[in-house]
Structure formats: C-alpha cells, structure tokens
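First to last, the protein sequences are chains A, B and C. Each residue of the first sequence is one higher than the one before, counting from 1 in our numbering. Each residue of the second sequence is one higher than the one before, counting from 1 in our numbering. Each residue of the third sequence is one higher than the one before, counting from 1 in our numbering.
Calculated from the structure, these hints are not laboratory results. This structure is a prediction, so every number in the text was calculated from the model and none was measured. Think of the CB as a built atom: it goes at the ideal place given N, C-alpha and C, for glycine as much as any other residue. Possibly wrong hints are sitting among the right ones.
Across the chosen pairs, the derived CB separations fall in these ranges [as the list claims (entries may be wrong)]:
(1) TYR741(A) to LEU236(C): 36 to 42 Å
(2) VAL104(A) to LYS304(C): 42 to 48 Å
(3) LYS304(C) to GLY171(B): 39 to 45 Å
(4) ASP515(A) to MET294(C): 53 to 59 Å
(5) THR151(B) to TRP8(C): 49 to 55 Å
(6) MET294(C) to LYS742(A): 16 to 22 Å
(7) GLY171(B) to ILE29(C): 35 to 41 Å
(8) LYS658(A) to ALA187(C): 54 to 60 Å
(9) THR151(B) to LEU538(A): 36 to 42 Å
Chain by chain, the residues run as shown.
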Amino acid sequence: MSKPPIDLNDPSIEACKSTCFFCHTNCGTIAYVKDGEVIRVEGDPDHSTNRGGLCSRGNIALKHLDHPDRINTPLKRKGEKGAGQWEEITWEQALDEIAERLKVIREESGAEALATCGGTVRTDDWARRRFMNLFGSPNSFHNALLCWIPTFMIETAVSGWSPFGADLDNARIAVLWGANPGASVLPTMRTLTDCQKKGMKLMVIDPRYTATAAHADLWVPLRPGSDLALALAWLNVIIGEYLYDEDFCRDYCTGFDELAEHVKQYTPQWAAPLTDLTPTQIRESARMYAKNKPGSIMWGTSMDQQGRASGAAIHARALIRAIMGNINVTGGDIQTGPGLEFMVDEEFECNDVLSEEQRAKQLGSDKYKLCTWPGYGLIRDIALDTWGAAPPSEWMCEANAPSVWRAILEGEPYRVRALICCATNPVNSYGDSKVVLEALKKVEFLVTCEYWMTSAALYADYVMPIAGALERPVIHNNYGCATVFHGGRRAISPLHDRGTDFQFWRGLGLRLGQDDEEDWPWECEEEAYFDIVYPTGLEIESYDEFVDEIGGSYSSDFNPNAWREEGFPTRSGKVELKSSVLEELGYPGLPTYVGAPEAHAEDPEVVESFPLILTTGGGFMPFHHSEEFNIKELRFLRPDPYFDINPETAQKLGIKKKDWCWIETMRGRIKQRACLTNGIAPNTIYTQRGWWYPERTLTPGEDDPFGVLESNTNVLTAASFEDCDPISGTWACRGLRCRVYKVQEGGAR
Amino acid sequence: MTRYAMVMDTRRCVGCDSCTVACMVHNELPLGIIFNPVITDGPKGVYPHVHMVHIPLLCMHCEETPCVHACPTGASQQDDDGIVWVEAAKCMGCGACVEACPYNARHKDRKSGVVLKCDFCKDRVRGGGNPHCVDTCHQRARIFGDLDDSTSEVFKIVNGMRTERLYEDLGTEPQVYYVIGLGGQEA
Amino acid sequence: MSERVWSWPLAIYLFLGGLGAGMTIVATIADVCFGQGELFALAPLVAACCLALGAACLLFELGVTLAFWRVFTWHGAVLNFGAYSLGILIALDAVYFSFFTGWFPWCASAEGRMVVAALSLVAAVCVIVYTGVELSSMRGRSFWNTPALPILFTVSGLLTGVAADSLLAGAWPYAGLAEAVESVQLALSYVGILLALLTLLSVVAYVLMMKTSSDAFAQKSATRWISGSFAVPFWLVQVVIGLAVPIALYAFGGPVPVLFANCCVLAGGMCLRALFVFSNDRRMLPGEEDYYEMLATGDEPFMKTNWT
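Here chain A stands alone, though its shape is the one from the complex (with noise of 0.2 Å):
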C-alpha cells in the first residue's frame, strides 16, 4: 500500500531544504522537486529545530499547495461588498488601482486613516512595517497581544530584555505555565520530555489536563484567570520561607525590600480562594519551583491572554524567576539580546522615518502604553544604547487592535477609513468577533492578502492571492530577538498568479512614491534575506547558497555571563523588581492584585447568572488558529467543534455526550458539542478556537458568512476598554464566565 519511496539518486528529482509554514515555529522541510513540481515534503532530519518531526499540519502542505479552494489570482469586487462577486485582475491592475485609493485616502484624512492587521507570523513583516512608515501611519497590528508580545514587554521592562530562552538541558525543573507544547510547539515538547528523562522535573500550571500535564511532575489546576494570584502567592512564599536568591537580589536586583513588603499581604491563604487551590498546592507549587534549582518557567500564551490582570501577572511571574536568580544562569532562563551579527528586523523597518506627530497617533497609545510608541520608544531607546540594536516596532509597537475596531465604527478619535489585512481573519482570531466583523463591513476600504476566501476576504474590495510555504523562502529570527535564525528556500516559484506578501507591500510602495534604490532595494524576498545573512560574514553570495552550503542555520556566540561584570540591560544595570520603565509610563512599578474581568466578578447578578468560568484560545491539533479547517485530511480527525466540560456539571446540566450546547456569555453564544472530560474542573469550561465552516456556500446577504460566528470562540472573548490590560492592551480569552445549555431546536446545525 505504501506508496514507493523517494528515489534520491533521480537526478531530476532535487531535495530543496524548505520551510513549515503552519505555525512559526518554521520546522524545516525537504521539498522533493521534479520538473517544477513539488512531488513530496518531509520533516528535514537535519535541521535543529524539529530534527527530522513534522506534525499533522506541516504533512499536508501538498494539499494546501493544490487546494480548489485557494485563491489564484487578484479580486476585485463587482457587486455589494459581501456579494461574492468577484472581477479576475492582474497585479499590476490590483495594485494601481489600490495605491491610488491609498493615495486619496491619506491626502483626505492623513496617513493614519490607513490600518494593517497581520496574523500569525506567515509573513514578512518588516515589510509591511516599512511600507506602513514610509507611507506615514502608525496604525500597523497584529493579534500580538495575544501572544507573547505583553510578555516579552514587560520582561524588557523589568530586566532589560526578556529571557526567554529556557536551558532546559540544564535544568532541574521547568514550569510550563498555561502552555501546552504537546499539541502546539513540538519540537519543544521533544525537548522536555527528552531532558525529563534526563532527571529534570515538569510542572504545568493549567485549568485544563492537557497531553503535555499528562506528562509533567505536577499539574496544578487552577482556575482561569487567576494566574495572578497565583503567581503573588508564590512571590509570598518563596520570600517569606526564605527560598529566594539572597545574594543575586541584594546584589543585582533593585526593589527587592519593597517587593518583599509588597508581597507580604498576598499570602497562599489569600490566593486560596481566588485560585481554586488549596494554601498546600500554592505552598508546595512554589517550593518545588524554588528547590530545585536552577529552573525554567517557559513562556505560554495565558497570560498574555487575561485581559486587565496580563501586565500585573505577567511582571509577577518575571519577578518570581529574578528572586530565584534564575536569569542568564545555567540551567535557567537565558537573555540573549537582539541578533548581533545579522541584520535583525528593526534595522529594516525605517522607523526613525515616522515622525513624533504621526507615533503620537496610534490608536491606542494613549491608553495602553507599553506596547505602543510610548513604551517601546522607551524600550528601543535602552536597546539601542546597549546594544546598537532593537527590537522590532513590528510586534512590540503597535495600534491596539480594539481601538481600531471601534475606530473605524466609531470614528474615535478618529476615523480609520483604509484597512489591510495580511494573513489574518481577524473576525476568527481578534477578541469579541460581532465588533470586529462589524467593523469590516462597514471599513470604507478593505484589501485582504490571503490564501481563502474567508469571511474577511468576503467584505474586502481586493484579495490578493498569496502564496505559501513551498512558493517563498522563509526567515525564522524571533523578530530578531535572538542570537540565532533558520531559513529555508523557495521550493517553487509562485504558482498561478500568486504573489508574497513582500511582493504586495514593495508593489504597493513604490506605487505611492517610495524609492525603488532608497526605500525598496530588493527585488524579491533572497535580496533582502541575503542582506540579513550578509554581515555574518559566512563565505557565501546568495541567500540559496546560505541554505544549501551552510545548512540554513546561523547561531552567534554571546556570553551569558557578561551580566555579572557588565550588569544587566536595563537603566540601573540592575533587575528592576520595581520597574522604573513601567513607573515612567504611569503603571504601577510593582504588580499589584487586580482580578481577571469576569472570574472574580463580584456582581451577584453577573454570578449566577453566568456560573460557569470559560478559558478559551487553547491549541489543539490538527489545527493552528483558524487555519486548515478546509484540509479534509486534517478535518476528518475533528469534523466538529468540542469544548471540555466536567461530566459532573454535565449531568446537572442534563449534557450527554456529543450533544450540541450554546456557550454564553455577555457578549454572545456559540455552539459547540461536548467532550465530557475528567482533565476539567466541575465550575470551568474549556471551548476550541479558531472554528469556522469553509464548506458553507454563501448566500447574498448573509449575516454570518462560513459560520464564522457559529461555533467561533472569540464571540465569547472581551475585548472593550475596561477589560483590556492598562499595561499592554491585551484583550481577554481566560477567566470569562459563561452558561451551558443545550441546544434545542432539533439538532446539530
């Protein structure tokens, strides 16, 4: 049955070291190519991330190269917005006619009138944030909030860069809090179950029992939302039993007695309530983590997911690893600055083009500072003082993504009149779905560069057709924020009329008067990635060659003890446990108690009638975000939506097995059917992301096109002012409180 295997020795057939590009951890790939044809991809047994692995996703690249379903060629709307009818164009007619839409637009209303919202890494964004300066508006976002950015923020607030990178090998304990590597990051997974079998401990702190708890040492089950107190807790324990790092507090930390006296009120008795844990659990949770040094807690995607309690959680738990002094120590959390001996991308993103008057603009900032230009201006500035280099405004400088919704249908403070979106269905994957897809119909000008048509695609006056993984070579830096990076080559060229994303913006700048030598020197994405590679000083003359002779992988040395002469990257050299960066931009220096916006709601009305507690924004394969749910291979595995219920809670609820039930809350309901699990607390309610309905056809004048707002998980999130982080912006996917019922009307859908 199996079909034969690869023969290497054809010589019409070349093995091209590509790159995944379902989720960006950027695996890397063997494209097998044969007469211009991709014939196979494998997971590539030589490259350090993923060691040869490739999950359900990265298997069926094939299928997402040849989809029917794939748009192949530039759209230009004919009817209604919304109709689905469809103009075939050129490129060249697509990005005249928008250029000159553009054109109108900034000269009415300002540069700023025009938005860009971006998805997962499936991009290069330092292009579109080059485009986006150089046209004049700083209202460039992605879902960054949602995922890591918050994090890496306010790390960089409190030490000066974010140590992120774990030395698991080393380690004597990791702790996993709010991530699930086993059904989203892979490789990492390998990683930690390799070096627990070594004798390292694993401890997941999640309300759910995922595979990767299912693994670990000790799985602490809090309650959603209340990462917070938690990590308050543990600060109270490790200072008050003494289990911290006496020396590397006194000596390389700032604030240490004020946290100390800060924490005192926040004991495990405390927290207790507020967590669903016991003092015991917190105690034993916080001596585990203390005693066995040196440790790792890795970074995951919860708390930057908690709406107003993100920036306070997010700086505790920073806290908790510099008390240990478990920064830049074997075995610890490493910081390794921002690439060196590259080009990273800060240094293509012409940010020192936009003016003070036009940062001052961005949506948001006013609001939420840090990870606009108030904060990163700040951060940058330290950056660059240290090292000569930054992190990207990209990610961690942006336009928080609610304020433009309600900008563009409020027209506060002003009114956003132009949106791009660039691999992203925001109506799927930003916070309160009915806002955000309300917003994009009613945007004066939507353009979407996509591989579908989705139900953002639908409202959009152009869809660019954009090509994937196999048609373009991939760079994998962190933005830039570490020392080392992958890439991978074009297996192919663009097939049919697809065109990248580089292509997009470039076409579209120079069309608006940016310089073809000045401001736009490549002509295609291996001049520019040759540019990155170039200052390594590796014996080579093109960006293909980097992969095929060096293998695509670059690592630069840095010295992860220059700290103890040096000291660290921040204003005082010290660790700022009282964050002079955050103090300056009027936050609190210490992270002070604030309850999630739901789960520790006090309104009884609110109690009883949403008893239940929703975390929600959790992976799970075979999908990423709202991706591949046309990939019948990968949709077959999961046809339907499920969320996760207590059979407890069910049974009171009269919920069986599989039955289709509406999640409520404040904001809406959706449907999904129920998984009735033991790995869940009987007050907590899990729901899967990322759903909608690609085989739905459309009909003229629908209202919920693809079902996009049926079973979507983001109907339930919040996501207005008051339920955002005053820190960061981030919106809320964890710690919500709904009801479950049954759904009536005769069945499924």
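Please build the complex by placing chains B and C on the supplied structure of chain A, with the hints as guidance.
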C-alpha cells in the same frame, strides 16, 4: 535474518495525530481509512486526580497472522522479515481478513474493493529508511527497527525493558511492543 | 467502530449454506438408512439451488466480484475449505438428484445412488460445520470466537434442513407416496422437536455463556441480544417464532400446523444467522471507541465538498 518490529513509547506520545496524518497523506489513503490511529485512554479518575495515556496503533505485523490464515486467495501474505501485506491484484475483497484481525488494522476500500493495510512502508524500510509515521514523530514515541539486530534500539528496548503487547492472550504474537508508563511516568 | 464488511448477503449465505447442507443430510440419511430416498427426491435439487443462491449472495460481499474465481486458486483458509465443499456439494446434489429423474442411463444403478448419497452426506457435513467455523475462527470477534458456534450452527442448520425437507416431502411426482408422506412428516416432526429443543438449548446456553464471559465485548453483544437492540428479533423471531412455536405445532401435528411450523423454523434460522453476522463486536482498547466516534462519518457537508 531481519525481523521488523516497532516499539511504542507511551511515556512520550502526546496524541498529536502527526503519524496518522503523515500516513494518510504520504500513502495516499482513501479518505476515511486510517492505518495508525492514536487513541487516548483517559483522563481516568475524578478531577483533579486523573491520569491519561495515549496509545499509538497500527498493524501489529503479528507472527501468528490470523489475517493471512483467513485469506482465501493468497493476497494477504507475510514476508520473511515479518511484514504483513496485501497484494492488491490477488485480493477479491471478501473481507475475511478484516473480520479476522483483532486490531482493526485492515480496511476494505469501497472504491477499489480491495483490502488496504499498513505494510510498515515496506519499500521505504527495505531501502534502509523508517515508516512515515516514525519519521514524522517529533516525540520519537514510535521506534522502528530490526529485532534480529542486537544493536538496534528496538532490540535493546524489547530485551531490556518491560514491554507489553496488545491482546497477547489471542496468541497472535504481535510485533509491536508498548513501553507503558502512566501519565508520562516510568513504568 | 468495528470495521463492518459483512452484512445481510453473508447472513443469507450462511443461512442458505446451512439449509442446503441440512436438507442434503436429512435426505441422504433417509435414503441410505431408511430407504426413503424417493420421498425427498426434490430435496437435493432445491438444496443445490439454495447453495448456489447463497454463493451468489456472497458475490455481493466481494469488493471485486469478478475476482471470485481466485478462491479456487488457493487453499488453507477456512473460506477455501468452504468454497470447495460448497462447490462439490452443489455438484453432488445435482448428480444425486439426477438419479430420481429417470432421464439418464445411470438412474437405475442403486449402488451408484448410494455412493453419491454417501459422498453428498460427507460434503454436506463439511458445509454445515464450515458455516459456523468460518465465524468462530475470528479471534478478535469476541461473540464468535468459540467452538460452540459451529455446534449451534450445525444443529440449527439441521433443523432448517428437516423443516425444508418436510415441506418438500413427496413433492416429486412418484406414484403411491401420498400415505408415506404423512408418516414421514410425522417422523420429521419428532426429529424437528428434538432439534428445535437442542437449538433452543444451544442458543440460550450460548448467549448466557457470552453474558457471563470475562470478555466485556462478548458481554456487550449478549446484552444486546437479551435486552438491547437485538432483543425483539432474538426473543420474538428467533426464540418464540423460530423455536417455541414450531415445537408446539410439531407436537400438535396435522398438515397445516406442520406447514406453519416448517416456515417458522426457516424464519428463525435466517434470523439467527443475521443476529450473529451483526454481532461482530471487536475487542476495543480503552479510548478506542471514543476515537472512532469522533471521526467524520462521511455525511458531513465538508466531506462532500469538492476539496482534494
């Protein structure tokens, strides 16, 4: 001699479905047929005292092959290296082997009418490679090799650790060995 | 999900196989031991037709119908044994029948008829036992995998054979058989009562054995028979109509009740085969059922969409 076998390290498997999809895609299986499911035992117990283990499956390439014995046309056969496979040209699709297999490893394809099954990616492994499900596994939970080669990893595990086989009482002598460890712990 | 490849056609095949073999056995014994062959002259012909029809049903279960001949290119599997036995039995039945027609030169040879009858008897025993062995050889199917199954199928097959032969008794126009028909039907009724009681005993014992088995999946099937979705066909059709009613009617006697009894037996025999074929529950590992339940069924809209 060569005797192919697979070891499943359930302490490592996370149930990510990668192997299942790799097999479906690379072996171009008709949609609906799965050679190598990964099932989940659990979470068992009552919250929060639970445990869970993922069990990867595929054809057990039994030494005592009920399927080959049930085949009335000689299409189902076992080679000297232990690989059990179906010669499509000889299969009349009677389904006797499907009913005979205790492991649900055989599937009648509605379209072609013949029975399909995992053949350990025989062309690949005889060329020195691994089955697709093994190569694609990030966790290295599936380990493939030659039980007659004392230097192989499967030999060392099967002869050096406590392993279990599925439904040993049926006397099929499966050649897939499970390293059992609940909740990721050593057995 | 248990992979289901066998369904109604196989059940009919097993029923007709048992029936044809049972008819042959009863007819040849009547001929060889009691010299009553002429009474059942039509039995071998009808048996051959039943067997051929059963074999044709089996073709419906084949994935590649036209490759059916391959079964005669191999040996060693239970199915091969069955196919050969079945083929031989059909041929022997046809030859055996020919003796009663008087159309052929060999019709007069009493010795020839005895030899063919004896050979037919042997082949028929092979076929009747084989129908049960085929299912009971499946190691992973808990409800089948026991030596009691061939016994049950054999007894039940004989019972249907008796009933069918009783229906056919005297059907071939020989002179002077009318009185003999009544007496042989009476004899067959006694045999029928005996076999029906045996079948009843066997089937009840079988189901109880499965119900008390240590194998959870055998228990599950048994429960389905006793009180689940198979309870109505099992209790009503198989036990009451197929066994209890015929016992009563046979005991009551008379042409019409016996006619009814015979028909009931045939219905019960068919029901038994179907119940068995649909009880192919495979042993499942923990979590396996949940896994298969979660998969797409094939009816989902996305499965019918024109995607690769």
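Hints, one by one, checked against the model:
1. TYR741(A) to LEU236(C): 36 to 42 Å: holds (40 Å)
2. VAL104(A) to LYS304(C): 42 to 48 Å: Holds - the Cβ-Cβ distance for VAL104(A) and LYS304(C), about 45 Å, lies within 42 to 48 Å.
3. LYS304(C) to GLY171(B): 39 to 45 Å: With a Cβ separation near 43 Å, LYS304(C) and GLY171(B) satisfy 39 to 45 Å, so the hint holds.
4. ASP515(A) to MET294(C): 53 to 59 Å: holds (56 Å)
5. THR151(B) to TRP8(C): 49 to 55 Å: holds (54 Å)
6. MET294(C) to LYS742(A): 16 to 22 Å: Because 19 Å falls inside the window, the suggested range holds.
7. GLY171(B) to ILE29(C): 35 to 41 Å: holds (38 Å)
8. LYS658(A) to ALA187(C): 54 to 60 Å: holds (58 Å)
9. THR151(B) to LEU538(A): 36 to 42 Å: holds (38 Å)
Of the numbered hints listed earlier, not one is contradicted by the structure.
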